[in-house]
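**Student:** Residue-level listing of the chains:
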Amino acid sequence: MREITYLEAVREAMSQEMRQNEDVFILGEDIGVYGGAFGVTRGMIEEFGPERVRNTPISEAAIAGAAVGSALTGMRPILELQFSDFITIAMDQIVNQAAKIRYMYGGKGKIPMVVRTPSGSGTGAAAQHSQSLEAWLAHIPGLKVIQPSTAYDAKGLLKSAMDDNNPVIFYEHKLLYRTIADVPEELYCIPLGQADVKREGTDVTVVATAVMVHRALEAAEELAKEGISVEVVDPRTLVPLDTETIINSVKKTGRVVVVHEAVKRGGYGGEIASMIAESEAFDYLDAPIKRLGGALSPVPYNPELEKAHAPQVNDIILATKQAMNKA
Amino acid sequence: MAKEVFMPKLSSTMSIGTLLQWFKEVGDYVEVGEPLFEIMTDKINIEVESYEEGTLLKKYAKVDEDVPVNAVIGYIGEKGEEVPEQPPVYSKEDVEDTGLETMSEKEELKNDQNLLKQGKIRATPAAKRVAAEHNIELSSIQGTGPEGRIQEQDVRDSFDQKRVLSTPLAGKIAMENNLDIGAIAGTGSRGKIVKSDVLTHMNIKESVDTVPEIWKLSGLRKVIAQKMTESVQTIPHVTLTSEVDMSNAVSLRRALLPTIEQQTGYRLSYTEIIMKAVSYALRLHPRLNASLVENEIIMNHDIHIGLAVALDDALIVPSVKQADTKGLAELTKTSKMLGEKARNNQLSPEEMSGSTFTISNLGMYAIDGFTPIINPPETAILGVGRIMDKPVIVNGEVAVRPMMVTSLSFDHRAIDGAPAAAFLTELKSLLEDPYRWLV
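These protein sequence lines map, in sequence, to chains H and D.
Under this note's numbering, the first sequence has 252 at position 252, and the numbering climbs by one with no breaks.
Under this note's numbering, the second sequence has 39 at position 39, and the numbering climbs by one with no breaks.
Here chain H stands alone, though its shape is the one from the complex:
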């Protein structure tokens, strides 16, 4: 199969969909000739023209509002927010409009829009450009939240997001843009709400999202040398959440570490941990559920401190050993 980057996979999904569906268009800051902050839309304005690849003023509220309005008229907008931190400015449109309208009007109107936005730390972008705020959005009924971790998942999940008749928040982790994976050339769907077991194991389940999937896999490789068999589960979509895959994995291993980059307090890991504790997997737990998340501070600019802020491979190894009572 052909290998492409995560970034190319996102672009390819959008381009292929736009070729077959005239209602789909993208809007955002500098996404035209410049190709967006990370170059995801590079070359698209040349193919689809300025009407379907629309440069906007620097106003996330306006971008989101325009998207909601156009979606209500039947268009299927994809909006790009340069950094997911800026979603706070678009929050009113997303939370109070996009998430609510379909419910409030009894299904007479729908908002088929995708908010694509880069998240996460590790690029030296400092406190206002490095956050992982997915838990904020996951809290709002009416929104779907996706965190693809590989190029393959990104293309398949974006296709499903574009097909969905509800607002979908599509998080692209900055550190993953350059990662490479086998990706089919044709368009394909990965259903929302289907977790992926990225590595099978028997001793400990590590539920990891986004870039943490890769760190968990690296940790699993190390732990395998010590005879600890780690199963890595990537939920891929936070809303809807594939509880069944997680529960089955925990029932198998009896131990679970939940790891995400977002600040631990109030992070989505708490939701996953609670879900496990409430489920039938409870009776299979042989160790307290362990959560790893970002430190309780803004993301530091200093590269060493920035690394220390987010869980690293060694943190996952340690937490896994603690769950195994072998630390």
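It should be emphasised that the hints constitute simulated quantities derived from the structure, not laboratory data.
Bear in mind the structure is a predicted one, so any value in this text is a computation, not a measurement.
It cannot be assumed that every hint is accurate.
[Claimed, not checked] Result set (SDA-like, lysine to any residue): computed pairs, CA atoms no more than 25 Å apart in a straight line:
| # | chain 1 | residue 1 | chain 2 | residue 2 |
| --- | --- | --- | --- | --- |
| 1 | H | Lys252 | D | Ala132 |
| 2 | D | Lys128 | H | Asp283 |
| 3 | D | Lys390 | D | Arg254 |
| 4 | H | Lys251 | D | Pro146 |
| 5 | H | Lys290 | D | Gly143 |
With chain H's structure known, arrange chain D on it following the hints.
**Tutor:** Below, chain D alone, put in the same frame as chain H:
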């Protein structure tokens, strides 16, 4: 006001600390947190830091002194402050209320009690599920997880062991009494352990307690331990044994018993007869009455016979002074009175010291010979076994005679085998022919 310096209680088993050294002299200025003295507990050597700031005014405890915990061993205060000449004696309750360690220990105790009160078993959900599936009592399982938490694997491991079925009441009684319910034989259906099984087990257990009772060497026991170790480690012991025909000694005792009893009120025993013979023999073999002290052999002129007296868990050796000058009546009186005093813990230091040769008589037990340990700085010790009728050859005929084994341990540094053997031979002949004493 001057503050007391206490012997800290550093562990739950610590009752006494041995002062190893003071880091400060009287008059030295001490800051909070500065090492003040070093102690040895039953577990560790540790430097103790000062809780107070000021001048060290008084040191009560000397180096190598054993001090009970929470006892005052010194004072810190303003220069020139008056402090008592003798360490103050506190009632136990006062002592309990002083010192940080004591407080934290109280807390500890409280926590322990809380834990006991809860009586909850720490087990993971998985361990509980598997235990329930297999009808296993969690209380019978030893947890290996953090804080003793029972993990699933612990339950699975217990499958290999005997499966324990018990009634909840039996389990509760067993737990309250700290019994391993797995060790109890069940008489209920399918071998289920019922209340009466636990009670039966407890009755047996009283005699064979699996948990050893432990107490620390202290007082006399400690002194004995040190002395014995020192003796066997420094003295090359050789033990000679010889069997003595006691026929004449038996007759002698029988003849003198009423007389001496009438005269002293005490019954003459073989110990005194042997003591008399020993002191007679020592006169003839003075090297056995010598003391070896630091490369010098001291030829003791006086013969003071030490007499090993067994107490409850202790051994004490009062000495019968000038034994060779005393007649059997006086020896009997002296020995018996010393024995009584020893048992009543009334011996004066004078009465406990100065012996030049020791006799250890185990003749009241079924003991023939043994290897007594020398009581330093003495040269030798005589072990006395029981008198027993035995077939012996007398003039080519088998005769039954009361025989007794004597065991002489001697210090080979001070004397060689031949003179020691000569002494024991002398003693044998003196006991077999007591009329010789009259010569």
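**Student:** Hints first: check each against the structure and report whether it holds.
**Tutor:** Right, here's what the structure says about each hint:
1. Taking the CA atoms of Lys252/H and Ala132/D, the gap is near 18 Å; set against the 25 Å cutoff, the hint holds.
2. Of the pairs offered as hints, the one joining Lys128/D and Asp283/H holds, with about 8 Å between alpha carbons and a cut-off of 25 Å not exceeded.
3. Distance check on the hinted pair: Lys390/D and Arg254/D sit about 20 Å apart at the alpha-carbon level, within 25 Å; holds.
4. Distance hint between Lys251/H and Pro146/D is fulfilled; the C-alpha atoms sit about 21 Å from each other, no more than 25 Å.
5. Note on Lys290/H and Gly143/D: the hinted pairing holds, with a Cα-Cα distance of about 20 Å set against a maximum of 25 Å.
The structure shown violates none of the earlier numbered hints.
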